[in-house]
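Chemist: So you can see what is in the structure, the chains are spelled out below.
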Amino acid sequence: MRNALALAVGLIFGLGLCLSGMYEPTKVTGFLDLAGAWDPSLAFVIGGAIAVAAPAFALARRRRAAWLGGEIDLPKTTAIDAPLALGALIFSVGWGLAGVCPAPGVVDVGFLSPSAMIFVAAMAIGMLVSRVADLRLRGARIATQDA
Amino acid sequence: MTIDWAHFTPFSALAGGAMIGAAAALLILGAGRILGAAGILGGALDGRDGEAAWRWSLVAGLAAAPSLAYGLWGAAAPVFTASWPVLVASGLLVGFGARLGSGCTSGHGVCGLARLSPRSFAATGIFMATAFVTVFVARHVLA
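From first to last, the protein sequence lines are chains F and A.
In this text, residue positions in the first sequence follow this note's numbering: the first is 860, and each later residue adds one.
In this text, residue positions in the second sequence follow this note's numbering: the first is 272, and each later residue adds one.
Since the hints were derived computationally from the structure, they do not count as laboratory data.
A portion of the hints provided could be inaccurate.
Stated by the list, open to error - Derived coverage of chain A by chain F (criterion: at least 3 residues anywhere in the stretch with Cβ under 8 angstroms from a Cβ of chain F; other residues may be distant):
#1 290-304
#2 310-321
Claimed, not checked - Here are some chain F residues the structure puts well away from chain A; computed CB gaps all over 10 angstroms:
#3 Arg995
#4 Arg997
#5 Gly998
For clarity, every value in this text was computed on a predicted model and none was experimentally measured.
We treat Cβ as the ideally placed atom computed from N, Cα and C, and that holds for glycine.
Here chain A stands alone, though its shape is the one from the complex:
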């Protein structure tokens, strides 16, 4: 294994991570809800349990953050390398799988692990392992 020192950013990663943790803390203590992006977005789209308003507000905050990040430190626009057909396939799988598995990286990987949920440890273990294998196959076997 070789470490990519040129792209490794431990301090901004830790600081950004701490902000994500603070957001999760604020939502659970303030409103009593879990900060899981898949559940929030899926629940907002579903809109049947009377909780759509706060969920859409949170999604709006997420979408507004880049303007603030650009103003504060000139955050650059993301670079996508995937083709449009791959983006469509990837989006369908991510949306379907995250709802079926009751969570994504934020719901299981951050909140679930932070509250020591065995269910989230299982889900996180499975999705990390599968993602490592997927990238290995895509980059080193098929490419």
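Chain F with its partners taken away, still in its complex shape:
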């Protein structure tokens, strides 16, 4: 049941990316290029998404369980720390370079675009490397605490 819901969520998310034009790298860089001919569309995509999602999150905060059961897992971390800032910085250099972020990358693989397949394969490697780097950092921190 949970997998069926997730599949539907992925489909709606993907259709939204297709309809909004966000799956097009040139549409994204058109928004990010403030000094060129600027296409403000992306701001409307984010605005529309937030307008619909915000009431749902407000409701989720007051509910104890999800419709399908189980807890509602809202992020508990609040620290604005170095990994957050550095990660956002690294992420967006890549985002600006090709105009693709994770979800549109997967959608573009669905269009059977060879460029998207290269991007997503590299992104998966980047994610796995980050996981290893994260474990090492944590390991180092625990080792320091032990010493």
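Once you have looked at the hints, place chain A on chain F.
Modeler: Relative to the frame of chain F, chain A by itself:
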């Protein structure tokens, strides 16, 4: 600043955005999870916390959406202008950075802002500013 009126599509952008918001609403209320593409894909690849199945299902939905979009309104295939080496570098940076920073455009930019998380406001501010600078340098300084 000049507005690119020829490519500006406010109505489909708003409608598509509303669908993305609806997807986030369905996932948080239905399954109690945040719709963050980087976390979902990274968690699926990692596969150690017993949540890989729903994550892969969601990724499958994302990848299946273009077939539906093509059938419904003839959505055209995306046009990539970046060369293959740039795509590899970009993918590595996006994957590594999004995991290190605990989120991407959907996790921080949509869900985080929608739930008024100060952490996500900080991350979104940093990644928007950096992306503007990156595109400026790539298009108007180096090119």
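Chemist: A separate judgement is required for each hint: does it hold in the structure or not?
Modeler: Evaluated hints:
no., hint, verdict
1, 290-304, "holds (count 15)"
2, 310-321, "holds (count 4)"
3, Arg995, "holds (12 angstroms)"
4, Arg997, "holds (13 angstroms)"
5, Gly998, "holds (16 angstroms)"
Every hint, counting from the list given before, is met by this structure.
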